[in-house]
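Protein chains: 4
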Amino acid sequence: MSSLFDQFLSTSEAIEVVGERNFLQAMLRFEAALAQAQAATGVIPQAAAQSIIGTCKVDLLDVSKIVRDSAFAGSVAIPLVKMLRDTVALFNPEAAPFVHYGCTSQDAIDTAMALVTREALVLIRADVQRIVAALLQLAGQHADTPMLARTLMQPACVTSFGLTCANWAAPLVRSLQRLDDSAERALQLQLGGTVGTLEKMQGQGAEIARLMAQALGLSVPLMSWHTQRDSWVALGCELGLLTGSLGKIAKDLVLLSQFEVAELAEPLEAGRGGPPSMPHKHNPVASMVALAAAQRVPQRVATLLAAMPQEHERAAGAWQAELAEWPQLLMSVHGSARALALALAGLQVNPKRMRSNLNAVRASLPKEAAKEWFSPDLKQHAAQLARQQVAALRAQSQADGV
Amino acid sequence: MSSLFDQFLSTSEAIEVVGERNFLQAMLRFEAALAQAQAATGVIPQAAAQSIIGTCKVDLLDVSKIVRDSAFAGSVAIPLVKMLRDTVALFNPEAAPFVHYGCTSQDAIDTAMALVTREALVLIRADVQRIVAALLQLAGQHADTPMLARTLMQPACVTSFGLTCANWAAPLVRSLQRLDDSAERALQLQLGGTVGTLEKMQGQGAEIARLMAQALGLSVPLMSWHTQRDSWVALGCELGLLTGSLGKIAKDLVLLSQFEVAELAEPLEAGRGGPPSMPHKHNPVASMVALAAAQRVPQRVATLLAAMPQEHERAAGAWQAELAEWPQLLMSVHGSARALALALAGLQVNPKRMRSNLNAVRASLPKEAAKEWFSPDLKQHAAQLARQQVAALRAQSQADGV
Amino acid sequence: MSSLFDQFLSTSEAIEVVGERNFLQAMLRFEAALAQAQAATGVIPQAAAQSIIGTCKVDLLDVSKIVRDSAFAGSVAIPLVKMLRDTVALFNPEAAPFVHYGCTSQDAIDTAMALVTREALVLIRADVQRIVAALLQLAGQHADTPMLARTLMQPACVTSFGLTCANWAAPLVRSLQRLDDSAERALQLQLGGTVGTLEKMQGQGAEIARLMAQALGLSVPLMSWHTQRDSWVALGCELGLLTGSLGKIAKDLVLLSQFEVAELAEPLEAGRGGPPSMPHKHNPVASMVALAAAQRVPQRVATLLAAMPQEHERAAGAWQAELAEWPQLLMSVHGSARALALALAGLQVNPKRMRSNLNAVRASLPKEAAKEWFSPDLKQHAAQLARQQVAALRAQSQADGV
Amino acid sequence: MSSLFDQFLSTSEAIEVVGERNFLQAMLRFEAALAQAQAATGVIPQAAAQSIIGTCKVDLLDVSKIVRDSAFAGSVAIPLVKMLRDTVALFNPEAAPFVHYGCTSQDAIDTAMALVTREALVLIRADVQRIVAALLQLAGQHADTPMLARTLMQPACVTSFGLTCANWAAPLVRSLQRLDDSAERALQLQLGGTVGTLEKMQGQGAEIARLMAQALGLSVPLMSWHTQRDSWVALGCELGLLTGSLGKIAKDLVLLSQFEVAELAEPLEAGRGGPPSMPHKHNPVASMVALAAAQRVPQRVATLLAAMPQEHERAAGAWQAELAEWPQLLMSVHGSARALALALAGLQVNPKRMRSNLNAVRASLPKEAAKEWFSPDLKQHAAQLARQQVAALRAQSQADGV
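Each protein sequence line maps, in turn, to chains A, B, C and D.
Each residue of the first sequence is one higher than the one before, counting from 12 in my numbering.
Each residue of the second sequence is one higher than the one before, counting from 12 in my numbering.
Each residue of the third sequence is one higher than the one before, counting from 12 in my numbering.
Each residue of the fourth sequence is one higher than the one before, counting from 12 in my numbering.
One or more of the hints may lead you astray.
Copies of the same chain look alike in the list, so a pair counts if it fits in one copy or across any two.
Subject to a maximum C-alpha distance of 16 Å in a straight line, what follows is the list of computed EDC-like cross-link-like pairs (lysine to aspartate or glutamate) [stated by the list, open to error]:
1) Lys211 with Asp388
2) Lys76 with Glu218
3) Lys382 with Glu280
4) Lys292 with Glu379
5) Lys378 with Asp192
6) Lys68 with Glu105
7) Lys211 with Glu383
8) Lys292 with Asp388
9) Lys76 with Glu271
10) Lys93 with Glu195
Bear in mind the hints are in silico, worked out from the structure with no lab data behind them.
Predicted, not measured: the structure shown is a model, and the values here were computed from it.
When you get a sec, could you build the whole thing from the sequences and use the hints?
Encoded structure:
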């Protein structure tokens, strides 16, 4: 399914979370929660709800037929709802008309995407936290390890490896916080009915929404967000920012791992990093994954933003474009986070080489300039900042339960 | 200056705010605040600070020479600092070495960009607030005005024009809130020295930063954000989200203003909207401006995100790319907000046509379907939601001092 | 596999062409052609080549294991080559070292992508040709059918539906020509060995490349294009241009199919275009698919362009990003072309409504303006152009064997 | 005008070519050619044409007033035509109605953009040719200079610096060819009248177009391309491809110029490359400019592609977005080409360091691996390819009059 090149740029967990089966199951959770809430508010009969809820199991449905039929229908909800209704009708024909009652495709699909995204965010957060933990430990440990500071890709002055690590960690700590805020706003129930007015809900729309959101663990929006995509796309932007910050780490790792620099190296794993015929190759595979994500994700975010002007009550094309980009966004972000989590956990640090690279610069300069800009003692400024950062970032992380 | 096509896609105010003169003045405010803080902390002599501060006036400098020289230097800070230093030296030669003391170009430029951005945000906010006010008024006034609801560009059911307006307003109210949060985090002092360690600040770096930030009305970051671009680019994302939400309004305006639909029209102004030879033309010029912004801005945001992986302590290319996109981003966003503020303030609403379009759909359908989906009575669901929305959005706006 | 939302935005044929199985088969075709050419030039033993060629069948390999292992290896070629070598070794251990002899992963993968792309282009071309044929027929048939011409979404003057169709067709005729040129340059053998120097080919590199290219039906590049991506990405740009031209048609279709305009309608197929509960809905599903493609593909092209600066002899991240975008690009383009081919083949044209919309504009204007700008007689200018266009486009199409 | 950051990312020549004055002058050339052709075909009086042609001089108009008024009109053509008409009327009132006769704003603007683009392409071509010349010379000179070949940012094998240069040059030679083809198709007269039907040209439209195109040195399109943007945007794509190929060179230059690698260096110019306080800094400023372009231009191209679906006979927003991006595209591309032309003309090559970096890798490996992959003798494969490339590229360049 065109996923050949996503295998090593993403993770099996993320691929499964955004996969067909899990997505359809999430849609069925929507349908079950809807039936339950509509029964509780008297909008549909209790017995119908029972039948519907009992049938909302992905194992009861023919997933590949739904996927196939969606191509013709132009929507995945139409064949899913039809099959669900037909299956319900086998057991309880009177319940069938109450399947997906008063709802539109977008209600089920947007809600399912929110549920699936929540799962993906759990994966992403866990790996980002591992990265932060690894970096803060390195930052503390190497607060005093002097290292060339480079600007415009040329030696500029002295920093410490600890400060470098703190610099990498700080944006991630902020990302975790912003992701939380953003997810809270974005992971909302979608419930609008055909055109956002819940016109078939017999005046119980607000209560049904409340019950469903509670059951599904989602927020209740002020009103349906069929074409109000800002909170949702804001979450996409956050994922873009996270990918950019991870990409910064990966870019530095790649640069610092060059043979001629050799200050860092990704952990060496048998069978990874190069073809068997070239034992000398020690490719920075994890960084490569994070860099690929950092090149693809910005355009994904652009597509989400460009798709925001959605016509009238529901769009023709823009919503579908957004939907199709979203799972790939989640896959890329987790691919990047996981790759760096593994690489940073076993990062090989070479303080001797940091020192000798610094010395080589000094040796190449007149004494005065060497002393002013490249004295190893200059590390003290970096060390102090590194220690402050680590303390502040640790405090912040703990305050946020990171 | 390539600005010919920005004239009508932006505003003269925004163009001035991000213009050369204002930007250089903002850089000079940085230099003055730096001298003042360094004198207060004893890092440079008080007399030197006096001379520097007195010279930090854009009128004293040859703006066009600085601009010209920047092309050669590859940085606007280098010729500015040189000219400032030379000018200071005319009056007080001993002060000259203390100009821009211990700082790097990026410190002055990032800080200036933050100052300039703050001015642009004032412009943007004011126009978005005018849009929100106009929309909430229309939403209340037309809560009960029935209107076709359209999905996938086809009639689907009934809504009210009031609900449509509430739908347009809600994302803007949220944008104003998020912009505030985001700006607070993004509008930070930049102060790192050559490589982020403030190595020439004699241990007074933190205090100098505190004083400067206070003087300039900016936040103090945990540490320099030379290559930690997340908070800054997050503000760019917010501007992208705002542009998308404005684009949604513009797209609907254009569609509802079509001759065959004619439910809305932008206010008619003499000399606008069409060539004099075609008096029948009533072009939706404001919406056109907002739509153009909605097509350009997502790619600007993508460039900002793609530029996040900045190498080592300061980048070669990525930072410069980000800088160059930013003013154009601000210009586009204000162009869009201003255009819609003017258009919505005088929006022509045609409830009769809304009714007759609805009736035309009903007339085309079998009685049963016409009644189920297009009875004007269905407006009641929309009306109720519209009123709730208006109340909630007003409350939210007031709580936030919008 | 995240393909749920690609099902109805692409086609089953395109999904299969870029799918895992077909891609791995294409890689095996590379390996077989390599062995054959190396044997013919005496670089490897003939018997080894026989064994390798006989084993290069996707049915002999465990596809899902290769895919799984690629995640760890960071490359799909490493596990494929390993499995191929192991399988060859079962039958002929002496042949095993000659599998993939002197090649790099990128040789096999880029070549396979070229082979797969050629298959996808056949699909795309066929549907674009169907669109052109349908449009030229409509253009001829309706050369004289007067129709409102609209600029900035407002009535401006008179055109004919025939000219509109010719306007839609012309860019597609050019696209077919440019695609041919571009494909000829882009569909090249990749063969460079580890770093582009073919250092293990015993001086037979050029001859091996010639033989392989001949066997695979690809062009021979001047030299390996490991990091010379221009010809390849140029093909991606062409696909972007085609998608934009298809998007233009789709946008007009959607606008002209609005209930209030009703000049055109996509063919109605049972079960498509709306949920069963809303028989009045006649959603322009095909146009929606083409519009979604037109929103996603530009960013895909941007990613390809942004990935061009690939480091040194082979890149870390940029090449992988390019690879992962490519199949999705092909899927989107074919989805768009197929959808419009179906829609235009059965397009419902309503000349009466075109006339009555035109009359409505006339009726709304002072006599003078109505006569100057909206007299149906103005169609004659359009009719003449339409007929010229159709003739020219037919000639061009035939000349190119379109 | 927000150009502060474009100064050093572009060139003064390019900024002038796409500037207001030159653009308005190009529009006036359109108006003059129109009057002349309309007089020649008897559509307007000869005397009127004389007056109009005599007035089509930018010095006679108030440029800043036109620019200012365009903001209100939403088009630069409306105030220009008005001022031109008013000025003509001063001398020859009877000629005034024949100004811009039968044309639309887009006719003048698109044609002017084509004229201006042609000028920019002359600048761009000249610098790309200088780059090609410099690279082919280096490629010949250093065909035998051994150099580490690096893949995934790690040493992989041996190449020669000559082959590296040939690798950089080849895409540029192709770009020059493709740019020529593409420009020939893109640099067309725009002439459609209000809606593309030339309805006021008294049947002389085709002849008027032929005469005008001849006078302006542009191609005559089959029909007006108001919403057929493919040939035009194809030129934008070519510029994107060129920028990507230049970016590849710049990325390698930056990497090979790192202190720890030191195989290359940009020429050192006084006052460039670093602040005066840091004499040790030798920043790769030219590469930085090219890298910034390579990060910005892909999104510009994406905007052009995304703007292709332009509604009906002329678009609301998409055309304006395209217009505004185009000059900045040209500015970026020339900035990149010029910067690299200067840098490569004086490139500092360090063959000793190439050799010692290679030796260092050898020394780090077991003898067997060192010999197999890093023997300096391996350069012979690269040398042979380099010589072939240089010959082929020279032949190609000369054949194309490059």
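Under a CA distance limit of 16 Å, which applies to Lys93 and Glu195: within one copy, between copies, both, or neither?
-> This pair counts as neither: shortest intra-copy Cα distance 32 Å, inter-copy 46 Å.
Is it within, between, both, or neither for Lys292 and Glu379, if the alpha carbons may be no more than 16 Å apart?
-> Classified as between; 14 Å across copies, 40 Å inside a copy.
Within, between, both or neither: Lys378, Asp192 at alpha-carbon 16 Å | neither (52 Å within a copy, 49 Å between copies)
For the identical chains here, do Lys211 and Asp388 meet the 16 Å Cα criterion within one copy, between copies, both, or neither?
-> between (74 Å within a copy, 13 Å between copies)
Up to 16 Å between alpha-carbons, please classify Lys211 paired with Glu383: within, between, both or neither.
-> between (76 Å within a copy, 10 Å between copies)
When no copy is named, should Lys76 and Glu218 be tagged within, between, both, or neither for a Cα gap of at most 16 Å?
-> neither (34 Å within a copy, 49 Å between copies)
Up to 16 Å CA-CA - Glu280 versus Lys382, copy category | neither (41 Å within a copy, 24 Å between copies)
Using 16 Å as the alpha-carbon threshold, which applies to Lys68 and Glu105: within, between, both, or neither?
-> The answer is neither: 19 Å in one copy and 53 Å across copies each exceed 16 Å.
Indicate which option fits the pair Lys76, Glu271 if close means a Cα-Cα distance not exceeding 16 Å: within, between, both or neither.
-> neither (56 Å within a copy, 36 Å between copies)
Within, between, both or neither: Lys292, Asp388 at alpha-carbon 16 Å | neither (35 Å within a copy, 20 Å between copies)
The structure does not agree with the numbered hints 2, 3, 5, 6, 8, 9 and 10 stated previously, though it agrees with the rest.
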